[in-house]
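**Q** What follows is the residue order along each chain.
2 protein chains.
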Amino acid sequence: MTGTFKLLGCDTVTSARIGRLHTAHGIVKTPIFMPVGTQATVKCMSPHELRELNAQIILSNTYHLVVRPGIDLIAKAGGLHKFMSWDGPILTDSGGYQVFSLTKLRKISKEGVEFQSHVDGATLFLGPREAIAAQVALGSDVMMAFDECPPWPCDREYACSSLDLTLQWAARCREQKISDGQLLFGIVQGSTYPDLRERSARELVAMDFDGYAIGGVSVGEPPAEMLRQVEMAVPFLPTDKPRYLMGVGTPPQILNMIARGVDMFDCVLPTRIARNGTVFTARGTYAVKNAKYREDFGPLEDGCECHTCRNFSRAYIRHLFRTSEILGLRLLSWHNLHMYLSTVRRAREAIAAGHFEEFRREFTAGYAERTEEIDENV
Amino acid sequence: MTGTFKLLGCDTVTSARIGRLHTAHGIVKTPIFMPVGTQATVKCMSPHELRELNAQIILSNTYHLVVRPGIDLIAKAGGLHKFMSWDGPILTDSGGYQVFSLTKLRKISKEGVEFQSHVDGATLFLGPREAIAAQVALGSDVMMAFDECPPWPCDREYACSSLDLTLQWAARCREQKISDGQLLFGIVQGSTYPDLRERSARELVAMDFDGYAIGGVSVGEPPAEMLRQVEMAVPFLPTDKPRYLMGVGTPPQILNMIARGVDMFDCVLPTRIARNGTVFTARGTYAVKNAKYREDFGPLEDGCECHTCRNFSRAYIRHLFRTSEILGLRLLSWHNLHMYLSTVRRAREAIAAGHFEEFRREFTAGYAERTEEIDENV
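Here the protein sequences line up with chains R and U, keeping their order.
Position 104 (the first sequence) corresponds to 243 in this note's numbering; numbering is contiguous.
Position 110 (the second sequence) corresponds to 249 in this note's numbering; numbering is contiguous.
Quick caveat, the hints were computed from the structure, so don't treat them as lab data.
Any given hint could turn out to be false.
Here are the computed lysine to aspartate or glutamate pairs in the DMTMM-like style, where the Cα-Cα straight-line distance is at most 25 Å [what the hints assert, rightly or not]: (1) Lys168(R) x Glu496(R); (2) Lys221(R) x Glu434(U); (3) Lys221(R) x Glu440(U).
Ranges of calculated distance between the beta carbons of each label pair, as one might list FRET restraints [unchecked claim]: (4) Ser256(U) x Gly442(R): 34 to 44 Å; (5) Gly437(U) x Arg207(R): 19 to 29 Å; (6) Arg422(R) x Pro361(U): 53 to 63 Å; (7) Gly437(U) x Ala261(R): 19 to 29 Å; (8) Asp211(U) x Pro362(R): 38 to 48 Å; (9) Gly442(R) x Arg159(U): 52 to 62 Å; (10) Glu444(R) x Asp435(U): 47 to 57 Å; (11) Gly165(U) x Ala261(R): 48 to 58 Å; (12) Ala261(R) x Phe436(U): 51 to 61 Å; (13) Thr378(R) x Gly209(U): 52 to 62 Å; (14) Pro333(R) x Phe436(U): 48 to 58 Å; (15) Pro362(R) x Phe436(U): 36 to 46 Å; (16) Lys431(R) x Ser318(U): 27 to 37 Å.
These figures come from a predicted structure and were not determined experimentally.
Even for Gly, the Cβ is constructed at its ideal location relative to N, Cα and C.
Could you build the full structure based on these sequences and the hints that come with them?
**A** Next up, the structure:
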């Protein structure tokens, strides 16, 4: 069964769908949000807490693991699952995005990219062969093809030649030997050009990947542009394979993309902005450091069932942030991940129950981006 | 039963003893090590993890809570237990030690000390009345009298006048109204002078406290001097009351002090040096960041039963430290607290089984302070 994606149901109003992706480390119910564990750890969280959160699958970044501690070391440890003590499914990206966004002095050839580590300047090389070999050594459940992620905006000429390269690399990735049970997803590129997105999707589908990602989004473009790029690609992707939108986004954006038929998401937002003291709730975000929560003994979010909200108050968490105590980062990361995971779980339930669009509308109407100024810093 | 201390047994070779201290939030089996939760959180740990570690009682620092978030706020939250979501016993110090070690511009009078907050320079005042009122408001299970902690070394004249003040303050503390079930300990001072230590102990005992601490240690004096000060005080303390050595120490020091009849300990060492990557084991300390652990897939300590050692390797924890991941601080804090708590538990068991001195000798012989140089930083 590993590798199969079973479509369990489709919404009648939107393109939303529910399904099950069978991986070597368990079944993932889609749509799904994947917490990001860049350096073999979801920041501030333990794997046991991720289990308690019912995180079904996590993401890790091949580029960062290449830089530190090195893929060989993780292979010697028995693979990424064993190294980080997480026995659930893991999706790894290919490193393409980071090579193009984090590193300098890149030399691009048909074989791949020579670049310098953002940590110590060491010269490293990643191409389709190396990226797949790394992900095989890591033992990822879902591997991503190596791609070039063009910037936004991007002129047509560059987008076109970049797509050529990405498609050649995708074919090269598809040829590599992988382990039994590992899945390999292709990545649709093509920047803002509908014909390039269509061509990208069609050619990848012809290569028969286990799933398809939409890449080149979340690189600074406005939300409407992101939506447009998803809409350009989805019609050319098969219904019986999972679709993954890389690096997206806020909760309303995710619901919007679920409505367009996307099944899988990852984003650093819930853990990253937790470390600034920003709380995600169904009513939007707010800064728990704000003075108005000084004597607020209620939970971060009314009615929330997470560990943090069941046990700790805003006043306490605000105190932890003001005194730079690590428990503050932990409790807020926990809550924000719970908020994301439960929003996507509610989306699954709404699709199954046949009222997803109602759920999405109500959620989006209730959610207001209301990031507050922090009016007291000491 | 709250407030009673039941002596369950005494070693025949040393002065070690086992007992039970009944508090409003549960029974504490002595000897005991108390993890330090200075700012209403044991650094890097959650209260649930402290429960899993079988921490019987924790310590919090009144001075730090006065500075942030303020005692009134914690009182409004329903007390310190509720504020920090810890329902086990809590001992709070009086703030005396911090007022004399952390603050500047102190004005000392018979009523107490005017000082400036180490955080924002705000002028604050603590004296026997204020310190007890604060601890009553916090709802501490065990409160400490407000004392002056003289430096080391300290001339006789200063030690003498300081002790006079501390004894006056102790009497004042004893007069304050406290809540049912709260215990109040006196603090023996007297610096390095045997007659002053004896006088201090005798006068405090005449005031009939619920327990007695030995203060003025762990202020920079050599270990032999600390031992001497404990030996000066213990003979004048009643056997039917708990004895608490403040701010001590390494595992062998703690066993040494248990052998001298001390029942309670607290120390920031296990959590503080965890944050530097230093591991406590029964064979001494080592730096997990050391390059020699790069490919070491064994646990931090062979045979250790803690959460960290059951699930994670040295190589992984080293990776977390090298990449500044918070999970590294968490896992090492967990292990080090487990090491301290299990060492003291083994001491209790050894006393009960009648072979404490054998245990102490073997442990001390096996324990070597072998802090390693870190030979690779990147």
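**Q** Decide, hint by hint, whether the structure agrees.
**A** These are the hints, each one checked on the structure:
Distance check on the hinted pair: Lys168(R) and Glu496(R) sit about 19 Å apart at the alpha-carbon level, within 25 Å; holds. At roughly 14 Å between alpha-carbon atoms, Lys221(R) and Glu434(U) fall within 25 Å of each other, so this suggested pair holds. With a C-alpha separation of about 18 Å, the suggested pairing of Lys221(R) with Glu440(U) holds against the 25 Å cut-off. A hinted range of 34 to 44 Å for the beta carbons of Ser256(U) and Gly442(R) is consistent with their spacing of about 38 Å.
Taken as a hint, the range 19 to 29 Å holds for the pair Gly437(U) and Arg207(R), whose Cβ atoms sit roughly 20 Å apart. Checked against the given bound of 53 to 63 Å, the beta carbons of Arg422(R) and Pro361(U), roughly 59 Å apart, stay inside it. In this structure the supplied range 19 to 29 Å holds for Gly437(U) paired with Ala261(R), their Cβ-Cβ distance being about 28 Å. A hinted range of 38 to 48 Å for the beta carbons of Asp211(U) and Pro362(R) is consistent with their spacing of about 45 Å.
Distance hint check: the CB atoms of Gly442(R) and Arg159(U) are about 42 Å apart, inconsistent with the given range 52 to 62 Å. A beta carbon spacing of about 40 Å between Glu444(R) and Asp435(U) contradicts the range 47 to 57 Å that was offered as a hint. For Gly165(U) paired with Ala261(R), a C-beta distance near 54 Å keeps the hint of 48 to 58 Å intact. A hinted range of 51 to 61 Å for the beta carbons of Ala261(R) and Phe436(U) is inconsistent with their spacing of about 24 Å.
A C-beta distance of roughly 59 Å is found between Thr378(R) and Gly209(U), which places it inside the suggested range of 52 to 62 Å. Evaluation of the 48 to 58 Å hint for Pro333(R) and Phe436(U) yields a pass: the beta carbon distance comes to about 50 Å. A hinted range of 36 to 46 Å holds for the C-beta pair Pro362(R) and Phe436(U), which are about 45 Å apart. Our hint of 27 to 37 Å for Lys431(R) and Ser318(U) holds, since their Cβ atoms are close to 31 Å apart.
When held up to the earlier numbered hints, the structure conflicts with 9, 10 and 12 and fits the remainder.
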